[in-house]
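One line per chain: the protein sequences are Y, G, U and P, in this order.
In terms of my numbering, the first sequence opens at residue 11 and continues consecutively.
In terms of my numbering, the second sequence opens at residue 11 and continues consecutively.
In terms of my numbering, the third sequence opens at residue 11 and continues consecutively.
In terms of my numbering, the fourth sequence opens at residue 11 and continues consecutively.
A couple of the hints might just be wrong.
[Claimed, not checked] Taking beta-carbon pairs under 10 Å as the criterion, some of the chain Y residues facing chain G (in silico):
id, residue
1, Gln-45
2, Asp-299
3, Glu-317
[As the list claims (entries may be wrong)] With a cut-off of at most 35 Å between alpha-carbon atoms, the simulated DSBU-like pairs for lysine-lysine come out as follows:
id, chain 1, residue 1, chain 2, residue 2
4, P, Lys-236, U, Lys-315
5, Y, Lys-126, Y, Lys-416
6, U, Lys-274, P, Lys-126
Treat the hints as calculated values from the structure; they're not laboratory data.
Because the structure is a prediction, the values reported are computed rather than measured.
Glycine is no exception: its CB is placed at the ideal position from the N, C-alpha and C atoms.
4 protein chains.
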Amino acid sequence: MDDFKEFCGIIGITNHDEAAEMAYLSLYSMQHRGQEGAGIISSDGRQVYRHVGLGLINEVFEKAETIRGLKGRMAIGHTRYSTTGSNSEANVQPICVNSKDGPLALAHNGNLVNSKRLRDKLQQEGAIFQTTTDSEIIVHLICRSQAPRFLDRIQEALRQLRGAFSLLIMTPEMLIAARDPHAIRPLALGKAVDSLVIASETCAMDLIGAEYIRDVEPGELIVIDKEGMKSESIGQAPCRKHCIFEFIYFSRPDSRIFGEYVDKTRRKLGKQLAQEHPADADIVISVPDSSNTAALGFARRMDLKFELGLIRNHYIGRTFIQPHQEIRDFNVKVKFNPVGGVLQDRRVVVVEDSIVRGTTLRLLTSMLRRAGAREVHIRVSSPPVRFPCYYGMDFPTRDELIANTKTVQEIQAFLNVDSLGYLSLDGLLEAAPGDPCHYCTACFNGDYPVPVDDFSKTQHES
Amino acid sequence: MDDFKEFCGIIGITNHDEAAEMAYLSLYSMQHRGQEGAGIISSDGRQVYRHVGLGLINEVFEKAETIRGLKGRMAIGHTRYSTTGSNSEANVQPICVNSKDGPLALAHNGNLVNSKRLRDKLQQEGAIFQTTTDSEIIVHLICRSQAPRFLDRIQEALRQLRGAFSLLIMTPEMLIAARDPHAIRPLALGKAVDSLVIASETCAMDLIGAEYIRDVEPGELIVIDKEGMKSESIGQAPCRKHCIFEFIYFSRPDSRIFGEYVDKTRRKLGKQLAQEHPADADIVISVPDSSNTAALGFARRMDLKFELGLIRNHYIGRTFIQPHQEIRDFNVKVKFNPVGGVLQDRRVVVVEDSIVRGTTLRLLTSMLRRAGAREVHIRVSSPPVRFPCYYGMDFPTRDELIANTKTVQEIQAFLNVDSLGYLSLDGLLEAAPGDPCHYCTACFNGDYPVPVDDFSKTQHES
Amino acid sequence: MDDFKEFCGIIGITNHDEAAEMAYLSLYSMQHRGQEGAGIISSDGRQVYRHVGLGLINEVFEKAETIRGLKGRMAIGHTRYSTTGSNSEANVQPICVNSKDGPLALAHNGNLVNSKRLRDKLQQEGAIFQTTTDSEIIVHLICRSQAPRFLDRIQEALRQLRGAFSLLIMTPEMLIAARDPHAIRPLALGKAVDSLVIASETCAMDLIGAEYIRDVEPGELIVIDKEGMKSESIGQAPCRKHCIFEFIYFSRPDSRIFGEYVDKTRRKLGKQLAQEHPADADIVISVPDSSNTAALGFARRMDLKFELGLIRNHYIGRTFIQPHQEIRDFNVKVKFNPVGGVLQDRRVVVVEDSIVRGTTLRLLTSMLRRAGAREVHIRVSSPPVRFPCYYGMDFPTRDELIANTKTVQEIQAFLNVDSLGYLSLDGLLEAAPGDPCHYCTACFNGDYPVPVDDFSKTQHES
Amino acid sequence: MDDFKEFCGIIGITNHDEAAEMAYLSLYSMQHRGQEGAGIISSDGRQVYRHVGLGLINEVFEKAETIRGLKGRMAIGHTRYSTTGSNSEANVQPICVNSKDGPLALAHNGNLVNSKRLRDKLQQEGAIFQTTTDSEIIVHLICRSQAPRFLDRIQEALRQLRGAFSLLIMTPEMLIAARDPHAIRPLALGKAVDSLVIASETCAMDLIGAEYIRDVEPGELIVIDKEGMKSESIGQAPCRKHCIFEFIYFSRPDSRIFGEYVDKTRRKLGKQLAQEHPADADIVISVPDSSNTAALGFARRMDLKFELGLIRNHYIGRTFIQPHQEIRDFNVKVKFNPVGGVLQDRRVVVVEDSIVRGTTLRLLTSMLRRAGAREVHIRVSSPPVRFPCYYGMDFPTRDELIANTKTVQEIQAFLNVDSLGYLSLDGLLEAAPGDPCHYCTACFNGDYPVPVDDFSKTQHES
């Protein structure tokens, strides 16, 4: 469901004739990870060039001149979701500062849980902040380190961070990729002829013709410069805790995440869901496009017909004028229209990837009924979301999470559906590839792999 | 396939507090029928208000003030595909002129085949043209008629037209809908509380909460004013010849067209195709989203797995910066990415709605193979397109239609696929609802229901 | 005073490598004649290229590509003042239509007095109007003429016009300039190497390096094509009635108008004014920049010090945000600031070019007093404006003309000044070059050289 | 002459219902001090609101909503000239940061001469820089001070600065104005009802109805908060060295600068110049508008006619399309057009405020000759500019200063004029109000009141 905001996507590319163009294309293929702003910083070996802006990647880079002005054979890029506000343009990444080490550029995906503490400490020491991003904190830490070598300073800075970070750091001569020891957010390494590519999702590599090699490892620091690539460690013991929601919802089905095809896992979620919560129904439909794959898996296992019961309008822009007059189910109707001929008089299973607030799904359900569905059965390809995420997923506050305040039966009543089934946590972990211990499942069971300080808690629960 | 440009969509609404807002929403739901420009003209009973512009409906109506400025309880709207060029803004509809009858607004979907002749004649008589649209011709004919009553003048004008026209004409007091005697393009009539709505597709009614009543009949003239609605005739014998391509490709699956659900017919096309050209394969995929429904039908009838083998990026805007360097399959990759896990080592049936030039499909096929597909079988849910359309479908010239210059076997070789099967014309007509005689099939067999003059032929075949 | 809107400026150029660029520069130098919209149409001998828009010439032609796209060696341009409104973009000139003679472009400066009658007649005959400009009427008349030769058709059309017209008409092969028999608005002919240039003011020629040859004569039709230039007559007896306000206010002082330097005449107005209404004062100031030259003449003849007592802020754009709170004299202060050191304790003569409403001048006077002026004496370098202009000068309605409702003494009281003196009509005509009979002085004495129909009167006096 | 870039203008206002609106109007009246960017930060007592952008003040604040969004009763504003470049938007002031003291906003007019040294030192200590402005350095110094009280920290920071600074610092509760001990740049204090206003020039006060009280004193620190206003010292001995160029060129003639009317001083410069370098000529003209006042003074003392020999086009925007073809004197013609009737056959004195490169003046002279001037005599109301300015005036590098490489006779030959006279330095100081020791005259004689470090020298002389 689209009730929560998506994450950021980052891309880095080295040794390419059209580094900025490739970053642009990569960001475009990761547009689903953030639609509010984007930016690219390139380097020609001596200086760096920056262009950032609010909007879709196509809007930020509307003119070819803009991208041609980002010279050099190395670039990093960022696409972000963001809060609005007068200052929001300042927050668009990648950030770029001048320091004693010269220009320093940085793009960050994830969320730190000790940012308040770090920021306070830095301010007490006299640091000034021009954005509200974690990125600026990281840059401050790097520049204030007294360690002799540049890489030492980076390691010292990163060791102070708690939470999720998939990072790209660029100087005029060097690209550095780093990932927190829990490897919460994805970060993959690929290769295209002579170029190395580092991206949040592998779909970004597909478009520019690069091939996936491996993931950046938990706690790994990859340094790419003229000498080639070398791998170092941040200096903290790795302990994988991948965000399992990447498989459930965030990543594109054609991407490989944490080394695995998203599509396969997502189909397994649907199958597992069918096993746990079969439904006596005529057809299975998805909420396009995010639950398409899980719905297919569900239909397959149940041996039910998969149908296109909802048509999605993809032309929604950032602004949309709303009529004053009330139109029934307007907020879902703008996105989805039911297909009468498919739904009429049918018992319908709707496979949804997750339920956060439940309000949109309730409207959708009512719309399906009005379009003729005789029964509506909701099947959710993830467990109930009960706890906030502090590592980068922008859930509503705890009180707004419907599963936090209502039982499954109450939710079923609220949605006014004939049945409701959530995938179990065990089922989810069984469907997910590899060792179940390697996933963060905090939003389902409250087991936070990285302790969260009180301030961060307050922020999310208020 | 997206090789040809789409049509226009039109909307008219009467007796509504937020007529312009409703027109805006309706156009938004018909955005697939034209993305190059849009406009709305409203009337408050005394004067008319107009706003048109280039771009998507959301771009043309970016500010709420713009739409609030379109006062009154009656409005017509238009969304169009368009040729580019310095003058193109002038061509955005609805057109509005001042005449002896006061302000006259007009929105047109379709294509006249005698426009050159009419235009020449009008110019000889001293008429001047500020656009290159058919709409301006129609307005000239209305204003030059010497018939005493306004409606007589409209009838006299419309009787001179040859070709396809679904028309909305608005004066400050009156909304008129008209459709050519062959009813080539769709036009539906609906109702929302006290309002009457006339729209190209019924999905435009769904969004604003109106209900479909019936189609505007072939050769019918509907007049809506304070007295209510009355039906007249243009004065020519009706002879249905609906554009069958609306079922194959243009219309949204959730719309009713020519009185029938598009979705149902489109699924039948897939089933019929499976019957005519079964395939020995592992999975069936569509080219999202246009052939989704036909592919589902095909898979169902063949009892094969329907899979999501291609992910479509919906964020493409009007401008897209291309890299200088060659990227393999770039032009399809920007839109579609193959899902490796689905295709790897599989024998794949790709259901496509139609083949026009074949060049895009060839790139797509090569991309599927590179993603691991062992065999690629193309199944097309329409017959070979061999003849140009003169009634509003913007095919390439005859020489560019691949089925016009190559046999099916040659096309199969060109596409480099393991098999290729087109739906037969008989099969198409069987799947389409109602009397087979009621469809225009000229693009497949050259049987043009309305004679086309030489000039129009030259235009399309040069 | 800036209380009335300015006129349009037009430019035509033939046989030049950068015709559109020259038109652009010329319009820029005539920007004072209209700031609301501008456009250029060029011809490459076969087809025409058009770009028009709202705003200053620099805003309409913001990108070099735009102007480079206006190909060919011939161009016409227009800069206009305009009313606002949703439809205003449609009214931006030059207009371009397709007719039986092919493309026809037209730019018009002036105002017809029989436009209502012509428009009604044309509409009765079936003509449609997409703008509210006189230009569209003229184009209709040309295209509807049944005369055999193109030039005959133009002559026939122009003979039906009543009022002021300085016209440029362009076809792909030909540029035609025409002026009404009274030659009310200016139109000059110049030469630059191989090019012929026709412009409203000669300052447009100076910038592009052309030299003034002579004026287009009253009732003259100049035709420029490959064969060269030939002069014909519209076919009506010439009778000069130049708008004397061009000398008083409209034209730039560095232009030649009606064959004479504006600067010289304007200085004479000041001298004559001094002779008629001397003032016992310390200093003379102008209202910059429009009355600078007259003020200099006044000061010279009186042998008083000319001072810069008001500083004008030239950065005013089209939009200006006004504070809610009342600021004294705000509306004049935004434009003018008094120079304390100059005014303090002085008896000040303010030379103004004309008084229309008087409200702005009243604020200005009050501001001067507050800045320390001991006495304020107003001297106006034109007679009282008592009658509306129907030939293109956009005065307020008759009731708003202060001299129409108040005596000079009452105006003096209204302005709250120590003395007030207007130039006499005789004095004005003596200062103006040439035969006094050759000027239109209708706004001062109501002697309209071209009879005005009732409708036009209503329009201006309501 | 316009050969050098202008300065910045700053404005601060407290205790006003429409603080941001007043800042906007004030900046508009100081638009001549910088046209490249502008910004306003307001405070409502708890938080601050910021809007900045590139362009004229009217462009940056195009929508009323923007300025209405800057809430609160206190605001500071800045208008700046700037170098271009991809990063320039980041440099637009006022700057705003978050620090241990909360939000801190700062607007700066002037130029530090030890900025390189300060920046290096700060970076060594780990500071990061996101702009290249002096403002960011000052903010860093404030935030890094370990002094206990906020005001102590500001004083400690300011005592480290060398060079010119007229500063406004704002926190949510407090507005602070400060001026370097030499008071190089202007800064005035005024009052409007209950509000205190601090502005670079008094013309900014006139528009919003405030009255000048006194200047901010050299080395003074003014603190305005709820308790009222109190004056402190930065802690350095004051030693006035006002930039004398403010009188010659920068400031508006209607402003009071350093406590004195600019207009009066500027007229005296003209008179003194006439005394030193009389001319045997017919008329005196200015280069509008910057040398108008000095030219009037010159003409008065010489008892020669002051004429308007050049008309300036004020419509120049930021972009201007240049023709490919060479047009004689194009670069001056775009701005100025000679008035033929005034110049024809006359011996002309042109009073210019200063000569920097001399190239524009040379073109102007040639244009005047072509317009008929028999003789051209240049009189300059300032001494030869021979040395760079390090305190904020953006001269070209030393080699480009024509007076640095040529004698007066050689300059006369270069300009191709009949005579050339510069005002002497003694004459300048005599005309300027007050003690001659209180002015910085470094650009004329190289006496730099604040020692300049080598780096800054390199920057200006390379």
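Tested hints:
1. With its C-beta approaching chain G no nearer than about 8 Å, Gln-45 (chain Y) sits inside the 10 Å limit, and its interface hint holds.
2. Look at Asp-299 (chain Y): its Cβ gets to within about 8 Å of chain G, closer than 10 Å, so that hint holds up.
3. Given hint, Glu-317 (chain Y) at the interface with chain G, holds; its Cβ is 7 Å from that chain's nearest Cβ, closer than 10 Å.
4. Our distance criterion of 35 Å between C-alpha atoms is broken by Lys-236 (chain P) and Lys-315 (chain U), whose separation comes to about 49 Å.
5. Under the criterion of a C-alpha separation no larger than 35 Å, the hint pairing Lys-126 (chain Y) with Lys-416 (chain Y) is consistent with the structure, at around 32 Å.
6. The hinted pair formed by Lys-274 (chain U) and Lys-126 (chain P) fails the criterion: a straight-line CA distance of about 57 Å is larger than 35 Å.
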